[in-house]
Every structure is written in structure tokens, then in C-alpha cells.
Amino acid sequence: MITILESPALNTVQDLGRPGYRQLGVGTSGAMDPLALEIGNILLGNASGAAGIEVQTYPFVLRFESACSFAVTGIEAALDLDGCAVLPWAAVHAAAGQVLTVSPPRQGARGYVCVSGGVDVPVVLGSRSTQLRGGFGGLSGRPLEAGDRLAVAGGPALSGYGAVPPSVVLRRPCDGGDGVVVLRAIPATDFHLFTEASRARFWDTEWQITPQSDRVGYRLKGEALGLERPVELRSYGIVPGIVQVPPAGTPIVQLADANTAGGYPRIAAVIEADLWRLAQARIGRRVRFRPCDHDEGVAAMRPIAAYLDDLRMMVGLYGASARRRAPRAAGAK
Amino acid sequence: MHDPAPVADGPVISMIGTRAMLFEAPGDFTLGRQRRIWALMEEAGARSDVAELIPGVTNLMLVFSTPPEEPRILADWLRHAWETLPERHIAGRLFEIGVQYGGALGEDLAHVADHAGLSPAEVIALHHAGEYTVCALGSAPGFGYLHGLDPRIATPRKAVPSLKMLAGTVTIGGMQAGISALTGPNGWNSIGFAEVALFDPLREPPALFAIGDRIRFYPESIEL
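Protein sequences appear in the order of chains A and B.
Residue numbering for the first sequence follows my numbering, starting at 2 and increasing by one per position.
Residue numbering for the second sequence follows my numbering, starting at -16 and increasing by one per position.
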């Protein structure tokens, strides 16, 4: 069991999402940075679908009511466990009664507090993810508040090792020091309906992430884009990553909590492999879209899969050697 | 993949990212066309590479479990299926829903009447005269896009959305009719209110409506 002691706003229980109900109008939800959640779960030996806490506002403080292992992923931030500094991206042991404080991140936006066995809330429509709009899933369909108690499905697991963060391992030549987040995007249905100047500007602009950005979508600021002529579209399906341009002309990137259907012109879609980079980009950061084709978009998932495979192998080897060294103590239940 | 110059009067098929393909039927929003979308939905649902289907208004999105290697092959398959499949008729259930027309919960009634050049009473009469069909569910959990609105009272979405429209509000958005599923911002025109719960995640099935269901509205009260 864990007790939330401090949680400013909009921190929720999330797993990898709720696919399969979009034809009933239910969006997928799920972690904005699924890669970070997966890393936390691998470090703790959890099933990849285990739920964690997505932290978007800080400081986030919780107390472990019973001994367990945890990992905070997604961000570089000061973590304090009862006065001792602990590392993010690492499996750490917590004794019963210890208090964890997650401070505002130095890098990244969304932290994932993962616990051994996962956060155990009821599965609703196949997932533990919070569906904020529908008001179900997670903890009673709402953000966490001080005083909330969450069940932890597992006990202490192996700890004392960590992962090299994906921002290091998956660093690309375009991730320069200028602070601009480069997002590879594939032109979508209505790309050719925009004026030639707008099409060029879409790729050339350093778009700024506005404060009107959240789990539903990121609204970007920059010089408006225009269509050759106005179009009235019928409602169509939305997937995370789709970049729509409403009449005001500035793009919106739809994300995890997007509606399942929409009607604005579609200029492009950010590839799946880069969505975690956007999820970790804070309000005020600048993003640039870089054109990419289908094959490149598919290939871009391979380094992510390889990274996760390597991590699983490393954790497996570490576990095996720990069991050899301490056959009785390791893997304690 | 993406058709730079779609065939005139042919469907438009495009990729949205690497795992979603959108099929858009040519022509107007008619029930016949929507029935062909339903047929396509059934056919695509039988494919093992399709993880999820999102029917829209005369369109269908296919979400694949893994990115297709050759999207063009799938696009050809879809085009062929569209051309050869017969309309799928769904008997559906009939819902009769009482509406409290006008008043504070139907505050856009006057605007709809102005736009149509009719009196509010005539708008109400036209709204409950017809039978509607649930074409697709989407946007919010359990929200049904309804076909069957009398074109005389079709009204474009509002430029400035209502910030907090109640769940159950009876609405008109362009040629589409609906009942809002959640309380929240909404750009459709409100003309009344109905006491129905469109979605309950703990109910089986969770959504009250299914595609093909038919809806008749009747006036429970009228406040002009």
C-alpha cells in the first residue's frame, strides 16, 4: 500500500492504455511516455502492462506503507527517500514507512513512479489507465490527491541497478544543444490541401509548446498555416500523434487522451517512435517537424525495441547472478 | 502512403502515421453510404492484422497491430472491398427519447431557428418528426453520430463552443444530430435536453447505442 502525501494536479494512474474501445468513443489513454513506463516495469521485473503513477506536477510525495521496490523513470530529478538521495531510472528498495519526494525535473516533464507488481486499481474495460474525460479507470477516474491510498501488487524485488535513460541511448544527431525537439512526421491526408508556403512553413517553423498543452494534445504557437480553400470534413478517427490544423491555423498534436474522432484538417502525423520525446517536452519548449516516410517511421521503432530487449537481458542476468550470490535472500517474497 | 491525386469520385485512402489507415468514401453523407462503411467495417474486422476499427461519418479508420509493410496493398484491398460489398443493413433497436426542448438547456434553439428561417416551434416539430440512425460512436464515450436530420434545420457548428454543456444535451452539428455524452465544452448547437446515460463502463455493453440503432425523439416539454 502507498499513501499519497502531496500531489499538486493531474497526476494519474496509467498503464499502456485501453485499446479496443475506440469504436465506442473511448480513447486509449495510457502513459504519455510509454517507453519510460516500460523501462520502470522491466527494472522491477513487472509485467509490461503493469500500471504506474504518471507525475506531471511536482513536488510529488508518497509514503510506502509496506516494504516494496520502486523506480522513477521518465525524468532527471532530485529524488529523496527519507533524507537520502536516490537515482531515477533505477530499482530502489523502500522500507515500510519511508517517504519518497519527487522534485521538479531538471530534464523531462513526466515522471513515472513504478512499484513492484504495479499499482493495483480495478481493471476497467481492459485497463487500469485513468480516463479523465469519461471519469473511470485509475483511482475512481480522477487525478490523485493527498490522502489517497493505492494498493501495490508486489513485494520487494531486486534493486540496486538502473538503466541508461533513452534520451542518452536513443540520442540522434539532430538532438543538438539548441533545445529544439525534432519530431519525425509523415504527411497525412490533407497535407496537399495546404498552400505551398504553409507546407514549407510547417517543416521550417520552430513551433513553441503553449500552456494549453496537456494529455489531450499539444497546442503549438507559430505563424498560422492556411488551406488553399476551406474544407468541411466529416468526423473521422483520431490516433495519438495526428497533427491537426484548426481554423486558427496553428497545429495541435493529439495525444493519449485525445477524442476518438475529430473534424479538423490533418496535415501530418508524428511517428510513434518520437511520441515519447514530445511527452517529455515541457511547455515553452520548441519543436520542429522533420518529414519522414512510412519505411523510416517503421524502422524508427527498431532502436527502441532493441533498447528494451537489452534492458530485459541485463535485468535477467543481474537477477540470475544475484540469486547465485545469495540463494536464500534473493527474490524474497 | 497517400494519394496525391485521388481518382475523381473514388474513395480517398491515406495513412495517418505508420499504423492507421483512413478510408473516406466519396459523395454525400447518406445512410446508404454509411451502410457500405458498416459492410467494410465487418470485412476489415475479419482481418488478423487489424487491431481496431474506428468508423466515422462515411469513413473508416483501420488501426493495425503492427505497421503494414506495403500500405498500398491494403489500400487496394479496401478499394476492391468498397466496390464489391453490398450495403450492410443492421436492424438495430428503436429508442424513443423524450426531449425537454428549449429553455436554458437548449439555449441555441433561437439561433438554429434564425439560421433556418423558421420559428422555434417549427424547428422542434422538424427535429422530432424524423427517425434517426446511429452511424458511428465516437468523440466521447458512447456519443452517437446520428443521421436523419431534416436538412432544413442543419446548422453549422458554433464558432465559439459552449464551455460547459451538460451530458444529455440534444444537439445539431452541421448535418449531424446527437445527444452529448459528457458534460464539457461542445461546439454543437443545443436545442434541448434528454435524461439518458449514454455510457457506463461497468455496464455490458458499456455504450447505450450501437451502430444501426434507430432513435425517435418526442417532446416531453417545450419552453420557448
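Hints should not be assumed to be uniformly reliable.
As the list claims (entries may be wrong) - Chain A regions said to be covered by chain B (calculated; three or more residues, Cβ under 8 Å):
#1 20 to 28
#2 144 to 150
#3 163 to 174
#4 196 to 204
#5 316 to 322
To be verified - Just a few of them, taken from the derived set where beta-carbon distance is under 8 Å, the chain A residues facing chain B:
#6 Cys85
#7 Leu133
#8 Arg134
#9 Gly135
#10 Val183
#11 Val240
Treat the hints as calculated values from the structure; they're not laboratory data.
Keep in mind that this is a model prediction, so the values were computed, not measured.
For every residue, glycine included, the Cβ atom is placed at its ideal position computed from N, Cα and C.
Task: Within 8 Å of chain B's CB atoms, at least three CB atoms from the region 163 to 174 of chain A: coverage verdict - done: Result for this restraint: violated, n = 0.
- [ ] Please verify that hint: Leu133/A, Cβ, nearest Cβ of chain B, below 8 Å or not.
- [x] violated, 11 Å
Task: When the least beta-carbon distance from Gly135/A to chain B is tested against 8 Å, hint result - done: With a minimum Cβ separation of about 4 Å from chain B (threshold 8 Å), the hint on Gly135/A holds.
- [ ] Under 8 Å, Cβ to Cβ, is where Val183/A needs to be relative to chain B, so tell me if that hint holds or is violated.
- [x] violated, 17 Å
TODO: Have a go at the Cys85/A hint: is there a Cβ in chain B nearer than 8 Å to its own Cβ?
DONE: violated, 41 Å
Task: Coverage of the region 316 to 322 of chain A by chain B, judged on three or more residues with CB within 8 Å - done: Our answer is that it is violated, as 0 residues pass the Cβ test (under 8 Å) against chain B, missing three.
Open item on the list: Quick check on the hint: Val240/A CB to chain B CB, less than 8 Å?
Closed with: holds, 5 Å
- [ ] Tell me if chain B covers the region 196 to 204 of chain A under the three-residue, 8 Å CB rule, please?
- [x] With 0 residues in contact (Cβ-Cβ under 8 Å with chain B), the coverage given for the region 196 to 204 of chain A is violated.
TODO: Tell me if chain B covers the region 144 to 150 of chain A under the three-residue, 8 Å CB rule, please?
DONE: Result for this restraint: violated, n = 0.
Task: Given coverage of the region 20 to 28 of chain A by chain B, checked by CB-CB distance under 8 Å (3 or more) - done: holds (count 8)
Open item on the list: The hint names Arg134/A as touching chain B; please verify it with the least Cβ-Cβ distance against 8 Å.
Closed with: holds, 6 Å
In summary, the numbered hints that this structure violates are 2, 3, 4, 5, 6, 7 and 10.
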